[in-house]
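Colleague: Quick note: our numbering has the sequence shown finishing at residue 1052, numbered continuously throughout.
Honestly, the hints are just simulated from the structure, not real lab data. Since the model is a prediction, treat every value here as computed from it, not as a measurement. Hints may contain errors.
Unchecked claim - Here are the simulated DSSO-like pairs of lysine-lysine, each with C-alpha atoms no more than 27 Å apart in a straight line: (1) K886 - K972; (2) K886 - K905; (3) K972 - K848; (4) K905 - K972; (5) K905 - K848; (6) K848 - K886.
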Amino acid sequence: MKSYVMEAIGAFFLVLVYGFTSDALAVGLTLMALIYIGFKVSGAHYNPAVSIAFFLQRKISGADLAGYVAAQLIGGFLSAGALFFLSSGVFYLDPPPSTDLYQQAFAEVGFTFLFVMVMLTFSLPKSPRNFQTVGLAAGLTFTGILLAGTPVSGGVFNPAISIGTALFDLLSGGNSYVHALLYTLAPVAGGSIAAGLYSYLYSGNK
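Could you build the full structure based on these sequences and the hints that come with them?
Modeller: Structural data, given as structure tokens:
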């Protein structure tokens, strides 16, 4: 249960900062702090794409995967409610009109793949040194993919951000849920590809 609570807390604050500012560095630094806070409790996924990759690596069970994803989505939904309370506006995500669906999907898949590869590479080998560097590496990577990917796809890379906010927007009468499929399937695909490639590249090092 502690792991699920930590995942909900992490997703809550990640979405909160995401909603308050579009600044990639602010989001990346927040993610870095949250990873250091939660790494020894839950592994600090805060992202269904990351949790699915860890499940495919057999590091968490199917029951834990369901619990992690549920906690992350609850955290995102509650954060969307907090943003509405604090700003009196509904936070939701839209892809930019300057790109098409294929470009947006490519960016979401590709950059999520890169981020999940970093999480796997720094999380799975058990050493104190990895704990010291995982937050920094993941935070800087997420900053980088936000800077590169936001102009193409809107820069989500995390279904907890899209589903939680889309659900709150739907309950408020909005229709941002039409983009939830893109922001869910593409990151999950990216995370799954990362899990497969990690197994191929590092199978002899386990």
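Colleague: Please go over all the hints and tell whether each is borne out by the structure.
Modeller: A quick look at each hint next to the structure:
| no. | hint | in the structure |
| --- | --- | --- |
| 1 | K886 - K972 | 11 Å, holds |
| 2 | K886 - K905 | 14 Å, holds |
| 3 | K972 - K848 | 21 Å, holds |
| 4 | K905 - K972 | 12 Å, holds |
| 5 | K905 - K848 | 17 Å, holds |
| 6 | K848 - K886 | 11 Å, holds |
Checked against the numbered hints above, the structure violates none of them.
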